[in-house]
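Start from chain A and add chain B according to the hints.
Chains as they are written, first to last, in the working numbering: chain A, 3 to 594; chain B, 2 to 417.
For the record, the hints were derived by calculation from the structure and aren't laboratory data.
Predicted model, so just to flag it, every value in this text is computed and none were measured.
Even for Gly, the Cβ is constructed at its ideal location relative to N, Cα and C.
A portion of the hints provided could be inaccurate.
[What the hints assert, rightly or not] Covered by chain A, according to a simulated footprint, are these stretches of chain B (three or more residues, beta-carbon under 8 Å): (1) 51-58; (2) 273-280; (3) 293-303; (4) 314-324; (5) 349-361; (6) 366-378.
[What the hints assert, rightly or not] Okay, the calculated beta carbon distance ranges per label pair: (7) A51/B <-> V143/A: 38 to 48 Å; (8) D34/B <-> D107/A: 33 to 43 Å; (9) F33/A <-> P241/B: 36 to 46 Å; (10) R97/A <-> T202/B: 45 to 55 Å; (11) L138/B <-> H6/A: 13 to 23 Å; (12) D34/B <-> V113/A: 21 to 31 Å; (13) V16/A <-> L138/B: 16 to 26 Å; (14) D34/B <-> R97/A: 40 to 50 Å; (15) H6/A <-> L147/B: 23 to 33 Å; (16) Y184/A <-> P241/B: 48 to 58 Å; (17) V324/B <-> R185/A: 18 to 28 Å; (18) A158/B <-> V143/A: 39 to 49 Å.
[To be verified] Quick partial rundown of chain B residues pointing at chain A, CB under 10 Å, derived from the structure: (19) A130; (20) T135; (21) G180; (22) G283; (23) G284; (24) V334.
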Amino acid sequence: MSFHPNDVARRGQVATMGLAAAFVLLLGAFFRTQVLENSQYVLQSETNRLREVPLPAPRAIIYDRNGRVIAENVPGYSVSVLAPTADSLRAMLRRLGETIPLSADQIELAVRRYRRAPNRPTAILADASFDIVSVLEEHRVEFPGLIIQSAPKRHYPDGAAVASFVGYTGEITEAELASRAYRGYKAGQQVGKGGLEKEYESRLRGREGTRFVEVDARGRVVRDAGARADILPESPAPLYTNIDLDLQRLVVSLFGDTLQGGAIALDPETGDVLALHSAPTFDPNRFIGGIPADYWRALTTDPRRPLYNKVIQARYPPGSTWKLATATYALENGIATLDDMMPVPCTGGFQFGNRYFHCWDPHGHGNITLARAIEVSCDVYFYQLGLKIGIERLVGGGVALGFRERTGIDLPNESAPLFPYSVNYYNKRFGPRGWNTSVVLNLAIGQGENAQTVASMARFYTALATDGEEARPTIVRRQEPVRARVFQLSDTQMDGLRRALTGVLTRGTAAGEQVHGLAIAGKTGSAQNPDDPTKTHAWFVGFAPADHPKIVVAVMLEFGGHGGHAARLASAIIAHYLKVTPQATVMPPTEG
Amino acid sequence: MQRKVIADFPLVALALLLSVFGILMVYSAGQTDVPTVVARLYRSQIVWLAVSVVAAYLTTRASVRFFEWAAWPSYLATLVVLASLFVLGSGAGDAASSKSWLTIGGHRIGQPSELAKITVVLMLARVLASTRETPKLLVDLWRPVLVVGVPIMLILAAGDLGSCIVFVGILFAMLFWVGVPTLTLVLLASPIVSLVTASITWLWGAWFFLLIVLVWRYRPYLVEGISVVLANVCMGIIAPIIWERKLKPYQRQRLLVFLDPSSDPRASGYHVIQSQVAIGSGGWLGKGFTMGTQKRLAFLPAQHTDFIFSVVGEELGFIGVTVALTLFMILFVRAIRIATRANDTFSSLVAFGLAASWFVHVGENVGMTLNLMPITGIPLPFFSYGGSFMLACWLAVGILVRISGEGRGRADTLAI
Chain A
3 MSFHPNDVAR
13 RGQVATMGLA
23 AAFVLLLGAF
33 FRTQVLENSQ
43 YVLQSETNRL
53 REVPLPAPRA
63 IIYDRNGRVI
73 AENVPGYSVS
83 VLAPTADSLR
93 AMLRRLGETI
103 PLSADQIELA
113 VRRYRRAPNR
123 PTAILADASF
133 DIVSVLEEHR
143 VEFPGLIIQS
153 APKRHYPDGA
163 AVASFVGYTG
173 EITEAELASR
183 AYRGYKAGQQ
193 VGKGGLEKEY
203 ESRLRGREGT
213 RFVEVDARGR
223 VVRDAGARAD
233 ILPESPAPLY
243 TNIDLDLQRL
253 VVSLFGDTLQ
263 GGAIALDPET
273 GDVLALHSAP
283 TFDPNRFIGG
293 IPADYWRALT
303 TDPRRPLYNK
313 VIQARYPPGS
323 TWKLATATYA
333 LENGIATLDD
343 MMPVPCTGGF
353 QFGNRYFHCW
363 DPHGHGNITL
373 ARAIEVSCDV
383 YFYQLGLKIG
393 IERLVGGGVA
403 LGFRERTGID
413 LPNESAPLFP
423 YSVNYYNKRF
433 GPRGWNTSVV
443 LNLAIGQGEN
453 AQTVASMARF
463 YTALATDGEE
473 ARPTIVRRQE
483 PVRARVFQLS
493 DTQMDGLRRA
503 LTGVLTRGTA
513 AGEQVHGLAI
523 AGKTGSAQNP
533 DDPTKTHAWF
543 VGFAPADHPK
553 IVVAVMLEFG
563 GHGGHAARLA
573 SAIIAHYLKV
583 TPQATVMPPT
593 EG
Chain B
2 MQRKVIADFP
12 LVALALLLSV
22 FGILMVYSAG
32 QTDVPTVVAR
42 LYRSQIVWLA
52 VSVVAAYLTT
62 RASVRFFEWA
72 AWPSYLATLV
82 VLASLFVLGS
92 GAGDAASSKS
102 WLTIGGHRIG
112 QPSELAKITV
122 VLMLARVLAS
132 TRETPKLLVD
142 LWRPVLVVGV
152 PIMLILAAGD
162 LGSCIVFVGI
172 LFAMLFWVGV
182 PTLTLVLLAS
192 PIVSLVTASI
202 TWLWGAWFFL
212 LIVLVWRYRP
222 YLVEGISVVL
232 ANVCMGIIAP
242 IIWERKLKPY
252 QRQRLLVFLD
262 PSSDPRASGY
272 HVIQSQVAIG
282 SGGWLGKGFT
292 MGTQKRLAFL
302 PAQHTDFIFS
312 VVGEELGFIG
322 VTVALTLFMI
332 LFVRAIRIAT
342 RANDTFSSLV
352 AFGLAASWFV
362 HVGENVGMTL
372 NLMPITGIPL
382 PFFSYGGSFM
392 LACWLAVGIL
402 VRISGEGRGR
412 ADTLAI
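So here's chain A without its partners, still in its complex pose:
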C-alpha cells in the first residue's frame, strides 16, 4: 500500500497543481468573455432587452409664395405591437380584434410586416381615431406588447384645392420597399405618393427618431421609457413653393363642382407655377392613414377621372392655340409676314385636291392678313400657310419649338406630348403612299397627329410672352429659372404678334372676355373630342399685360365647347392676379 505520507504529499501536490490549472483555465475563460469580449456581449444584451420604437418624424411644411401653409402636420395616433413570435402576434391581434375592429386581412398584413422586421413594432393602425385609442388605453393591461403613440399626421388645410400639385402621403407599399429608390425605408413608414409629396420625398421626409422600450424574454414591455435616452425625430427645413394660394383658390372656385379640365398659371419670366389645378380632384386629407375603400372606389370609377392630372398627364389636340406655332415658324423663317394675305380668300372653306376643308366660320373671313387670321382664327388662312411651309418644315418646326418634350415641371408622372418626330412618322404609320400633303392642313390648325398637355401649351406661350425663350414650369422655389430659346423674332414681329393676340379678346374669337383696363393677349382653341364630336374641348392660352406680361394662363375645359368659355376663366384668373376687377360682358360669337 503506497500510502506512505510522502506518497500522499506528492499526490496532494499533483492534485493541487491540477486544481491550479483548472482555476487558471476558468478564470482565463471568464477574463476573455467578461473583459476582452465585453463590448460584444453588452451589445447583445442591449439588443436582447431593448426594442426600438420608431418615433415618426414630421414631414416638412410646404408653404406657398407668400408663406401660407399648403401642407402641415397635425397630431394623430398610431397603434403598433411588439411580439416575440409571429404566432403570438397573430393570437394577440385576434384578441385585439374583439376590442377594436380588425379584419382578418389586416391581421395577415400585420404578420407579414412582422416577418420582415421582427424587432420593430408592427404597425397595426397608422391613423387611429381618438375613440379607438381610448378603448385600447382602457384594455392596456391585457395587451402587454401594445404601443400607442402620437404620430404626426399630414394635413392639407386647403384639401382638394391643392391636391392637383401637392399629392398625398401614404404608407410605403411592399413593392416600394423592395425597390432601390426606397432603400433605407422601413415598413410602416409614410411616404409621398403623388405630386410634390412624391417628387420632393427626400427633402420632405424627416429623420425618424427612436424610443427605447425594455422588454423581457417573453416580449412583454417592462419599461416604457427611460431605458435609454430617446433619439428625437428631426423635422426637415420647410419647402417653399411658387404657388400663390389665393390664385389657386380662385382657380379652384372658377372650376367649381361642374367644370372639368385643367388650368395652369405661370410667371413667363421665371416659369414659377402660380396655380395648377385639375378638375375634378380628390381630397388628400381623406387619403392619410389609409384610403377608405368606398372613397377609393368612388374615385376610380368616376368617369371624370379625378385621379388623372389634366394639366400634366392628359393630352388633348391643341386646336387653334397651336396656330401661333405655325405663325411663329412662318415669321421666323420669312415665309410670311403679319401683313401677308393668302392667295385664296376665306369663303368658309378650302378645296384641296378632292377634299373640301371647312373653316370653323361657315360665313368665311374674306381676304385677310396673318394678324387678322390670328384674331379670328381663320382656318382657311392657316391651311394655305401650312401648305406654303410644307409638311417637312412644319413638323421640323414643331419639334424645334419643343412640342415633343415634357415641360420638366417638378411633378412626377408628367406625360410627354405627342407630335411627329419627322415626316417618317407618317411613312411608318400610314405607309409611304398611304398619306398625302393634306395632313399639313390639319397640322397647321392644331389638329391631326398632335396632342399636347395643358402645361406644354402654357410653356410655349411663355416664349410668346417674353422674347422667344421658354421657361420651365417650376412649383418649388429655385434660385435660377431654367429658360431655353425656341425661336427668334424681331421686336416688330413680336409686337405684331402680341397685338394680334390682344385683338383676339377685343375683336376676335374671344371678344368680350377682355378685362377693362387690361390688355390680355391670348388665343382660343377648340379641340376635336374623339369621344363625342359634338362636344369639343375648349382651350384658351394667353398672357397679360400684353406689353409686359406678368402671367401666362392656360385653361382647358373638357367638353367645354367654345374656346371663349375657357377664355372667360383665364381672364378672371389674370384679372385676379393683376388685381383688376373683371367686367361682366355678353356672350360673343365664338369659333365652332
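Just chain B now, with coordinates in the frame of chain A:
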C-alpha cells in the same frame, strides 16, 4: 477516542462564506421585473442552511470509525432509495421526463443522488482502504468499479446524466489518490473515451491506435488486454446505437448544443447563449447586485439553480467571479490538505473523494455557463437553490471537519 475541540475554522468559515454568498445570489436571482415564485426561495434556502449547519455539527460529533462502519448500510440504503425512484421518482423543469426526484404522496422530498454521492465516497473509501496492496492491474479494480457502477446504472436509468459524470469523477479521483498508476487509469477510462469519440470516425481511429500502443507498453494479462480492446471496440460501435435509441431527446439536444451552441439558438442553445451574454455583459465590475438585466428580464434560464453562476458573472463582474472561484479554490486546497494529513487511509480517501465531488460540480457547473462544458444540470455547491444539495454539501463539510480534527496536527491552527 474523543477530542474536546473538533473544528476546522478556516474550512467552516469558507463554507459559511460561500453559503452566504450563495444565498445572496439566490435572493438576487428572485429579483426579476416580472416576479416569479423564485422571489421567495431565498427564505427557504436560509432555513435549509440552518438545518444543514446543524446537521454538519452533529456529523462532527461522530467518529470517523462510525462513518467507516456506516459505509456499508448507508450504501445499501442508497441503492434501495435509488432503485425506488423507478416507482416514486419524478422529474423537474425541462428534464421532466427524468425521475431523479424522490416523490412521496405527490411531495417531492429531494434528490437522493446528491446524498448518494457521500455514501458512495464512504463506500469506495472503505473498499479501497481494505486492500493491502495498491491495485496496479485493471482486474484489481473490479470492486471499486462495481461500487460506483451500480449507483451509476441506477441514476442513469433515472435520467440524471449530470450526477453520473460526478460519480465517474469521484471514482477516478479516488483511484488516483490511492496510487493507481496513471496508465492503468487511462486504460480504465479508455472505453469512455471511445464512447465520446465514436461519432467522429477518424478521431476514434486515432484513439484506437494510441490505445493499442498503450496496451502493448502496459503488458497486461492477455485476457485483460483483449477485454480493454474489446470494450473500446464495443463502445465505439454501440455508442451510435445508444445515441439513437437510449438518450432522451433533450439529452441528445444538450450534447449537440454543447458542440455548437448557435445551431439552435431559440431552443436548447438559447440557455448557453443567454448565459454567455449575461456573463459577458458583466464586464469588470458587473451591473450591480440584483441589477442584472439578462436576469431581471428573464432571458437567463434556471437563474437560481443551474445557471446561478451566470448571475454572479452578470451582476458582480469579473471581480465577483474571481472572488467566488478563489473561495472555491481555497476550499479545495484546504480539503486536499485535510486528505494529506488524515490519520488513516480511509479518512484520507473520504476527504479527497468529497473534495473531488465538489470539484467536479464546480468545474462542470461553472464551465457550462461559459459553454466550456455540456449542459448536464449539475448544481453549484453552496450556491444553487435546493435543500437536499445544501444538506449534502454541509454533511460533507461536517465529515471533513471531523477528519481534520482527527488528523495529524491541529489543522485549525495552521495557515493554509
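Interface hint outcome for G283/B [beta carbon to chain A under 10 Å]: holds, 5 Å
Chain A over the stretch 51-58 of chain B, status - at least 3 residues with CB closer than 8 Å: n = 0 at 8 Å, threshold three: violated.
38 to 48 Å as the expected CB spacing between V143/A and A51/B, which holds or is violated: holds, 40 Å
Distance restraint hint 21 to 31 Å, applied to the beta-carbon atoms of D34/B and V113/A: The hinted range 21 to 31 Å holds for D34/B and V113/A, with Cβ atoms some 27 Å apart.
8 Å C-beta test of the stretch 293-303 of chain B against chain A, three or more residues: Three-residue rule met by the stretch 293-303 of chain B, so holds; n is 6.
Outcome of range test on Cβ distance (H6/A, L147/B; 23 to 33 Å): At roughly 27 Å between Cβ atoms, L147/B and H6/A fall inside 23 to 33 Å, so the hint holds.
Chain A contact restraint on G284/B - CB to CB distance below 10 Å: Holds, because the Cβ-Cβ distance from G284/B to chain A comes to roughly 5 Å (cut-off 10 Å).
Hint check for H6/A and L138/B - Cβ pair distance inside 13 to 23 Å: holds, 21 Å
Consistency of beta-carbon spacing, D107/A to D34/B, with hint 33 to 43 Å: Holds: the Cβ-Cβ distance is about 36 Å, inside 33 to 43 Å.
Outcome, coverage hint (the stretch 273-280 of chain B, chain A; C-beta under 8 Å; three residues): It holds, with 5 qualifying residues against the three required.
V324/B versus R185/A beta-carbon gap, inside 18 to 28 Å or not: The hinted range 18 to 28 Å is violated for V324/B and R185/A, with Cβ atoms some 51 Å apart.
Proposed interface contact between V334/B and chain A, which counts if any beta carbon pair is under 10 Å: holds, 6 Å
Checked against the numbered hints given earlier, this structure breaks hints 1, 14 and 17; the rest are met.
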